[in-house]
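Here's the letter readout for the chains.
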Amino acid sequence: MPLKLGPAGVPLSCKGRTIVEGMDDITVLGLDAMEVQTVRTIQPQHFDQYWQAGILSWKSDFEMNMHGPYYAELLGNKRERNRTLSKMETSLQAGKIINARHLTFHVGPYGEYEPGTDANEQVANVMSGIVERVREVWGVEEEEEDYAAFPWVHESEPSLVGIETSGRQELWGTVEEVLEVCNHVEGTVPVLNMGHIHARGHGRLRTSEDYAELFDQARETYGGSTFYCHFAGVEHRMGNALHYTQIKKSDLKFEPFAEYLAEEGDWMDITIISDSPLLEHDAMYMLQHYDKARQRLLEIKARDERRAKLAAQQGIDPEELKKREEEAAAARKSQLTGETEEAPKTPPKKAATKGKGGKSGGMISFDESADEDDVF
Amino acid sequence: MARTTVRMVCLGRQDRSDCASSIVEGSLEIGADAQFIMDRSKTHEFDQGLIDWRGILESKHWLVVSSSCTLDGEAMKWAWGSSLTFAELEGCKTAMVVDIPEDPSRMEEVWGSVIERIRQIHLLFIGPSAKRSIAKLEGIEEDLLIGEIRSRGLVPIVCSFDSDNGVASVSHSLGQEVVEFGEGVKLERWLAEFLCGLPQTGSGVSGIASAARLQSG
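Chains A and B are the protein sequences, given in the same order. Each residue of the first sequence is one higher than the one before, counting from 0 in numbering that gives the first Met the number 0. Each residue of the second sequence is one higher than the one before, counting from 0 in numbering that gives the first Met the number 0.
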């Protein structure tokens, strides 16, 4: 399964602040994607940086993406919509220079529309216009010579237009709305912001089955296998995202997502962008959990294969062998427990204390929550 | 209930001419345990690599940071960014004080840096003149600015203080508070009280309201 992971922006730990320096750092960390934030303004002096980043991504396997204006009013009145579209136009141009695979856009408040078909149709109309514009901007034959230094413009597919789910009830962008529009507009891709989906669904993403349900819904409605996701911890209330947090401090955990991806994600081509306050730290955290989930899966597969072979050699059913192994393991465990109870108690080893020593009273806890003390 | 001492650290301009430094000085006057990351005397020796961030930020309630630091050279800009990340890691909440830089034409640069780090900010204070300037940059009406920034950036608390009329406005995840004090209350003093009050009152609706009114009480 192609999985790409990276931060939303130049890594926090990057000494330089240019995109290319950020890309270098991301690669060193073992990550392979980045989402450039053009959330506010794009200035002409950034274009040189963008081109360098585009070249680097074209020559390597590094996936560049771009996030459009952080607030949009596509369902607003004509003036509001045009203001948003002009900001988006700048992102489209920058996306071409940087060789962005995905351009992520928000839709914004419902405005005068009620949630439903009319609003979705309006978003679909605007989005199809944006897709058309992206295609115009990319690969105009007459401009081929002008873009000799930008080979991807003619040799690569244009950026996919990502439509992001929203985290608040008053904003357009439930999973259903996003999938419906993406299903109707070719060239768009759903941007599943897990923090937003979790918040808007009153904490709906808790187990790997919840993720399975979400992606099954996506598979049935949208039909594609390309996904672009954002992941960060989130604090939420009454179906609204309140603010972003690091993953460890949120009730939205990455482990179930990693488990789902490792077990059932073979059909997907997925990019996950960390937009947590701890950008690359949390991207690494996600990578580690994904690797762990895959490792666990491989171990289970290897064990099942070994069991099948042994069962065949012994001429018994693998299930029967499994039962016997479990019985033997239980017996071993009870024997060990008995021995421990009988064994004389040895003084506990002196463990390293965290921070100020001496206050723990000899009890050492490695509970993760110890790191998460909130002084409030 | 006994008031616990609020602990805060400040990363402001080295000459302490910025609003964040004044607020922390104000907090000291009302009994906070406040310290500055850089001594004034070390102006020429500043090396951000030597700062023990974990040691400084451990068990602090607030890191108070000035937006103007981003224009004070590479080392300071780097320290500014690091402070936000380490505060997040250490569970110390960040209060970002946005004021107009010495060179007002660089306000867009300053605001761009703040926006880049918006997710690491817990409390964003926008000074009165900075508010006008940002409203213009963002194309948002000044009266709607703090609410819009809060909902766009998902910052838990965005606030401002109108010094002329003595009115504090606080927009937070659960609503909005406007507290009128009248003339005579200074911006720095109000924010110092607010920062010292929040850890005591909590960050629920009534907690934020009480902390915002502390000065009037």
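Quick caveat, the hints were computed from the structure, so don't treat them as lab data. Mixed in with the good hints, there may be bad ones.
[As the list claims (entries may be wrong)] Derived BS3-like pairs: lysine-lysine, alpha-carbon spacing no greater than 25 Å straight-line: (1) B/Lys135 with A/Lys77; (2) A/Lys247 with A/Lys291; (3) A/Lys14 with A/Lys3; (4) A/Lys321 with A/Lys300; (5) B/Lys76 with A/Lys14; (6) A/Lys291 with A/Lys252.
Below or equal to 25 Å on CA atoms is what counts here, so check B/Lys76 against A/Lys14.
-> 10 Å, holds
Within a Cα-Cα threshold of 25 Å, do A/Lys247 and A/Lys291 meet the stated pairing?
-> 17 Å, holds
Given the hinted pair A/Lys291 and A/Lys252, is their alpha-carbon gap at most 25 Å?
-> 14 Å, holds
Regarding the pair A/Lys321 and A/Lys300, is the alpha-carbon distance no greater than 25 Å?
-> With Cα atoms ~14 Å apart, A/Lys321 and A/Lys300 stay inside 25 Å; holds.
Quick one, are A/Lys14 and A/Lys3 close enough, alpha carbons at most 25 Å?
-> 23 Å, holds
Proposed proximity, A/Lys77 with B/Lys135 (alpha carbon, max 25 Å) | 20 Å, holds
Hint violations for this structure: none, all hints satisfied.
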